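J.: Spelled out, the chains give:
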Amino acid sequence: MKNSSKVNLGLIFILSTFLMAFGLPQDQKKGSPWEIPEKYMKMGNPYKDDAGLTKVGKMLFSKHCKSCHGSKGLGDGTKAAQLDTFPGDFTIDAFQKNSDGDLFYKSFIGRDEMPNFEKKITDDEDKWAIINYVRTL
Amino acid sequence: MKNKILQLILLWICLALTSIAQEQEQESKPVDKPVRSPFEGGMLIDNQTGVIPVKNTLEMLIQHRFGSMENGISDFFGIYAPGANLRLGLNYSLLDKLMVGYGLTKKNMYSDFQAKYALLQQTRSGRIPVAVTLYGNMAIDGRSEEVFGVNYKFTNRFSYFGQVIVARKFTEWLSIQTQGSFTHYNSIEEQTDHDKIGVGISGRIKFAPQSSFVFQYDHPFSVGGKSESEPNLGFGYEASTSTHIFQIFVSNAQGILPQDNYMFNQNDFMEGELMFGFTITRLWGF
Chain R
1 MKNSSKVNLG LIFILSTFLM AFGLPQDQKK GSPWEIPEKY MKMGNPYKDD AGLTKVGKML
61 FSKHCKSCHG SKGLGDGTKA AQLDTFPGDF TIDAFQKNSD GDLFYKSFIG RDEMPNFEKK
121 ITDDEDKWAI INYVRTL
Chain E
1 MKNKILQLIL LWICLALTSI AQEQEQESKP VDKPVRSPFE GGMLIDNQTG VIPVKNTLEM
61 LIQHRFGSME NGISDFFGIY APGANLRLGL NYSLLDKLMV GYGLTKKNMY SDFQAKYALL
121 QQTRSGRIPV AVTLYGNMAI DGRSEEVFGV NYKFTNRFSY FGQVIVARKF TEWLSIQTQG
181 SFTHYNSIEE QTDHDKIGVG ISGRIKFAPQ SSFVFQYDHP FSVGGKSESE PNLGFGYEAS
241 TSTHIFQIFV SNAQGILPQD NYMFNQNDFM EGELMFGFTI TRLWGF
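Chains as they are written, first to last, in my numbering: chain R, 1 to 137; chain E, 1 to 286.
One chain only, chain E, in its complex shape (with noise of 0.2 Å):
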């Protein structure tokens, strides 16, 4: 019995040493942080991108997207022609990892929640080549009840998204992401899917310290095959300070709301169904 208590002691002190052999180690190793600004904010076009601002940090959105350009100078492409869609939003980094938020769309006035969480962090030596980014939210439609036909429930007005995003800055001036999501409706018309899969790239070109060329390009697929929607394209302009960020851009979906671009987007780039947008970003430190 005395030997076997001797022997539990003697092991309990061996892992207390361990752990503090490691943690000196971890002390003495130099920190690796993440690399700077792999994009200026939280937006790219239509798309989240891995950046989560610093720990109470308050981040207000106002997207906009004009009415298409067909029209040409008659309203001054789409400047001035009817079917504008907006967005204003509230986001709030609760850690340096994990922001939470809350919009209010003009189309469907979709109120969203939505979450974003900084899974890994790219880092200055390499050792993590690149950033992997969580996003999620839940929208809800806010439109009349009619408008859901019968056997009418709150949750019909529910839809979901959900994203992962990976994304590298190769050098000072190119960062690039890809990202993957699921998007679901809880109700949608007949012949029309519940569920769409997306995939896509965007990035950014930096041409001076406070300017960037931005795009992107989201594909969707038809989860059951009843309904198609259209690719979204876009590519823009983008100018930041210290606690502002400006992007001016063109592009082909007006939904603003991920999950609507990627469900029901019919505008086609290539037939010229286009519109301008921009999205401004101010942050305030707390």
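So here's chain R without its partners, still in its complex pose (with noise of 0.2 Å):
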């Protein structure tokens, strides 16, 4: 093989690569199933009708949630990127038709790569502000 083949070959290769690394699908794997417990399943929001808390909600949710769930809950916040496992589209309606208990399970308890939130948001006002402002994306 000629010494400009190899060279070409190489460049191929290093090229290929390089939009490889750009091209290629994440293998952001989605979550599965959570095992929500009965206590949380059948949990009300007694802040339900409460809309002055929304926008306590939307200041939490940038605070605390953003960064991974996007600001508009669209999971493409700056770290959603760093994880093993899509943080889920808030706007769709499978999302939505999870109940309140379910929701603040997954929030404030966690599983995995979804952090427990009990610690640092300790007021449970304030996790529903939070659910009540995701129920508005």
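Note that these hints are calculated values from the structure, not bench results.
These numbers come from a predicted model, not from an experiment.
Heads up, some of the hints might be wrong.
[Claimed, not checked] For the chain R half of the interface with chain E, some residues (derived, Cβ under 7 Å), not all of them: (1) S5; (2) K6; (3) V7; (4) T85; (5) K119; (6) K120; (7) T122.
[Said to hold, decoys possible] Beyond 12 Å from chain R on every Cβ pair, some chain E residues (computed): (8) K107; (9) S111; (10) L119; (11) Y160; (12) H219; (13) L283.
Beta carbons: idealized from backbone N, C-alpha and C, even for Gly.
Take the two lone chains, each set in its own frame, and fit them into one complex as the hints suggest.
T.: In structure tokens form, the structure reads like this:
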């Protein structure tokens, strides 16, 4: 093989590797179904009709959730790409069909890459404020 | 005698019934909670705020002051200038209202032990309109013995700082606090006061859910009239997330430790004797 062919092959290999790095979709898996304890499944939202809390929820969502879930809950936050599991799209019907109790458990108890927020958001009213805001997405 | 015993029993029953009634009344009242995050964290440039993280939270602080900006672009406005100061601190919330901590500062190798207690918390209903917080520290100068001259005693290294902070969150975007303080150094150079009284005002103007403009002004008053130090003015930007708080600012005091700022600051803000600084706070809940 001529030297020039070797150089060409090498260049093609480097270029294709470079393009693949950007072109191939990242292997981000979808989360497996959650096992929600009965206590949470039955849980009602005591602040469901408190419209004033939505603004508080938006503020808290920005502080605690936005970096992974994105400002509009599309799962496209700045940290989302580093996660093994897609953080979910909050705007789709399948997500919004979750009961308030399900969302409470998923949001604040968490599992795997979804951290537990019980010690960061200690007031239940604040937790429900975030759920109320997520319902508006 | 029997009558007296009867009267005592009746009195006791009345008192017991009254206390039960009061408990029931308290239970039926809605809980008046403290206002939500009047400040993002426990520090506001050089000042403590009334915020204490929830019980069992460990807080790590990295506080940095660069060199003076006076030389302009030649040392990139002090960022690459010599004479920077650094404090590394760890605080732990023993209770929701009580935090203790330790820090080590490069200047004078101060080791400081501090405590902060939330005496009153502003409530959402307005029943308590302001938050009142007490802060105190004791610092030990860690330099070599020779610095302290003749008649050296270990207690010569000690300095103390006590402060009362009165804060109010006016709106979701505006929080202001005033602080009054007393500084004492056990050993100090001749022609210098041992004590200083300080008053100040600082605040936060929040312009986005995670971003705020922060400012402070601290004015020292001489006790004894022997020595003067310069007021400390600072302003900057604060960003916060769930577990981090980041502040970058310009100010004119480099001591980091409050008693050092009040006692020794000779930088004049109006003369442009300023420096960049930043504080990184990291929180861990246990």
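J.: Checking hints one by one. Is V7(R) an interface residue toward chain E, by the C-beta closer than 7 Å rule?
T.: Interface hint status for V7(R): violated (43 Å vs cutoff 7 Å).
J.: Would the non-interface assignment of Y160(E) survive a Cβ cutoff of 12 Å against chain R?
T.: holds, 33 Å
J.: Can K119(R) be said to touch chain E, with a Cβ gap under 7 Å?
T.: K119(R) check passes; min Cβ-Cβ to chain E is 3 Å, inside 7 Å.
J.: When the nearest CB of chain E is found for T85(R), is that gap smaller than 7 Å?
T.: At 18 Å from the nearest chain E Cβ, T85(R) fails the 7 Å test, so the hint is violated.
J.: Is the nearest Cβ of chain R still more than 12 Å from the Cβ of H219(E)?
T.: Nearest chain R Cβ is 33 Å from H219(E), so the label holds.
J.: Verify the interface restraint on K6(R): the C-beta must sit less than 7 Å from at least one C-beta of chain E.
T.: For K6(R), the interface hint is violated, since the closest Cβ of chain E sits about 47 Å away, which is over 7 Å.
J.: Under 7 Å, Cβ to Cβ, is where K120(R) needs to be relative to chain E, so tell me if that hint holds or is violated.
T.: With a minimum Cβ separation of about 5 Å from chain E (threshold 7 Å), the hint on K120(R) holds.
J.: Can T122(R) be said to touch chain E, with a Cβ gap under 7 Å?
T.: At about 5 Å, which falls below the 7 Å cut-off, the nearest Cβ of chain E leaves the hint on T122(R) intact, so it holds.
J.: Does L119(E) clear chain R by more than 12 Å, comparing its Cβ with all Cβ atoms of that chain?
T.: Label holds. Min Cβ-Cβ 20 Å, cutoff 12 Å.
J.: Quick check on the hint: S5(R) CB to chain E CB, less than 7 Å?
T.: Violated. Min distance 50 Å.
J.: Taking C-beta pairs only, is S111(E) more than 12 Å away from all of chain R?
T.: holds, 29 Å
J.: The output says K107(E) does not contact chain R. Does that hold with a beta carbon cutoff of 12 Å?
T.: holds, 33 Å
In this structure, the earlier hints numbered 1, 2, 3, 4, 13 are contradicted, and the remaining ones agree with it.
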